[in-house]
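These protein sequence lines are chains A and B, in that order. So in the numbering used here, spot 136 of the first sequence is number 152, and the numbers just go up one at a time. So in the numbering used here, spot 140 of the second sequence is number 424, and the numbers just go up one at a time.
Check before you lean on any hint, since a few could be wrong.
Distance ranges between label pairs, derived from CB positions [stated by the list, open to error]: (1) Glu-440/B to Leu-143/A: 50 to 60 Å; (2) Thr-304/B to Ile-221/A: 37 to 47 Å; (3) Thr-211/A to Val-473/B: 54 to 64 Å.
Bear in mind the hints are in silico, worked out from the structure with no lab data behind them. Glycine included, every Cβ here is placed at the ideal spot set by N, Cα and C.
Residue-level listing of the chains:
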Amino acid sequence: MSSASSVAVGEQPLTRVKARSPWLETLRRISLYTVVRVIFLFITVVISVYLTILIANMGGYVDKMQEGEIAERVAMRIMADPVMRQLPVEKRNQIMEEMVQVERKRLGLDTPFFVRSLLYLRNALTLNLGHSQKMTSDSGSRQVRLILLERLPSTLVLFATSNLLLFFMSVFIALMLSRTYGSFFDRLIIALSPTSAAPGWFYGIFLILIFAGLLGILPFGGMVDAPPPPTPLEYALSLLKHLILPVSALLISTGAVSIYNWRTFFLIYSSEDYVEMAKAKGLPSRMIERRYILRPTMPTIVTSFALTLLNLWGGAIILETVFNWPGLGRLYYQAIGLVDTPVIVAETVIYAYLLAITVFMLDFVYALIDPRVKVGEGAKQ
Amino acid sequence: MATSERLLQIESLYLYFRTTKGVVQAVDGINLELGRNEAIVIIGESGCGKTSLARAILRLLPRNVHKYTGKVFLGDLNVMELSEEEFRQHIRWMRISMVPQAAMNALNPVLRVGDQVAEPAIIHGGLTKREALEQAIKMFRMVGVPEDFASRYAFELSGGMRQRVAIAMALITSPELVVLDEPTSALDVLTQANIMNMLKSIKWDLGVSYILITHDISTSSELADRVAVMYAGQIVEVGDALRFFQSPLHPYSRKLMNSVPRLRVDMEPEFIVGQPPSLIFPPKGCRFAERCPQRFGRCAEDPPIIAQNGRQVKCWLYA
């Protein structure tokens, strides 16, 4: 008796709130959820970007390298100047010291690294990517934005082709294999999946040796023929020819294992009770596949697809180097080699933002495609 | 009831599975008959092959089938001779439907339950989506599910409601035979009784036949016209329910009945000594002999099925 009454008391305020204005309540809940989510994702981005700034600057050690370079440059200039050479040593040292100080001030090296790291952070977060230290774009600009934009299309072409091909091919083939468990092709894919033990560029080297070196039917590398073809059609064909080897290298390395993963995934989901029930109901196998296997697994497939899209941006350092592909991966590699901090930080910042936006969007896509997911705390009712 | 028209006849049905340890003889030469509008209860311990028998009848086979032979007559049609596609079109849900063991997982989590119930009526009955949904709502009314639940998802329903939805789904195409695989095992006692009563009244209203697979003797006694006892992949006793519950013949059936606690009789429930035999290496002769208190010399040979006033028992005691 007493427990029954306490339940009734406990439920009362809840029903009152619901009865007041369900729409407003939903709106409030969703906006609260969105704000909290955005704040958390932003904090994640800030932390990752700040860590990148610290690492790319080697915790301030890059400053010392720069100061050394300034001192060297100033000394060289004074040595090269006949007027300066006439001056007494003390006077000359004094001028040298002044010039170093001016240069340090110009580059902002006179403020402590910690303060500057926060400034860098602010610039990075506001996408004020600034100027590179050493690298230039092909048109000679030092703006990091231009350097990145110049490389972006070539990376996108290569990785959009290979990753989208890989994704749709593996989901499609995996679905077919999951129908014929234990068949010859099923076993073949399992047997081939260890090819993923070696990365794409490893196969790339052999592909270049065979198809460019021995057979001479495909180019060694690069994105288009040396004088770029004049008409758009010829340009596209030339691009296609150059794409074959790097795309094949990536597919050989990850194709089998990706099909294998998806096939296992579909097999697990096709042994769910409701799939068996659908079979007992006598639904055609096409319908079972669409409504009982693909629909329930849609969230996972969409997540994987979103992460695939995200990967298009990063490029691949070694693969691009092996194929001499003018993409972002090679840019990253060169920037690290030259310790060009602004370029490294800029690439990371953009990647972090893209990741955060993707994760944020996925939350809402989930709520659309999976009725079990309700945005906010609504799932409890 | 015994004179009613025959609906289902199973003749020496075998279903063996291949496993890494050996071949599991889950359904080992089963013979069974079922009349129209009759309910047969198949009782047995866990792992005796009850669910495999249901799967063999429904042709819901896993990937590791080793042997699947026998005859299953539905009316005069041997459904074992049909191709998979013929079986799907003409038998599945048209003539035989099922209510699964755990309705929790038997409903697709991302489809509205109304649509799932309506599906067979669209596929087999040729109804439009709207007509099928109306039909589904009619079934909902019959099994006591509120109409507006049709637009809900499985996770928004309680266990009892889900089970009712599964029953509505099984009946929508008005099949002749419904296989109920432990339909109430995951529910509380009160809900169990409700569902059993509902199944009983549906049986009278629609004239369907049931194969009820259970290990819960007390709840099944409500519904049963006949009882079959399964032990180690074989049926050891078949008879009409009334006489079975009063005086089971097979020593195993007796032991089983004595293990059920009773309300009005002052009797300690007993248990059966030992464990059910392995279905990979079943014992020679009578499979229950090892645990049987009444075994004697002949039990080393496989006992035949012996008719005893309209009941059948597989035991040397009645030879």
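Results of checking the hints against the structure:
As the Cβ distance of Glu-440/B to Leu-143/A is approximately 44 Å, the hint placing it in 50 to 60 Å is violated. Thr-304/B and Ile-221/A have their C-beta atoms about 42 Å apart, which keeps the hinted 37 to 47 Å range intact. The beta-carbon spacing between Thr-211/A and Val-473/B, approximately 57 Å, falls within the hinted interval of 54 to 64 Å.
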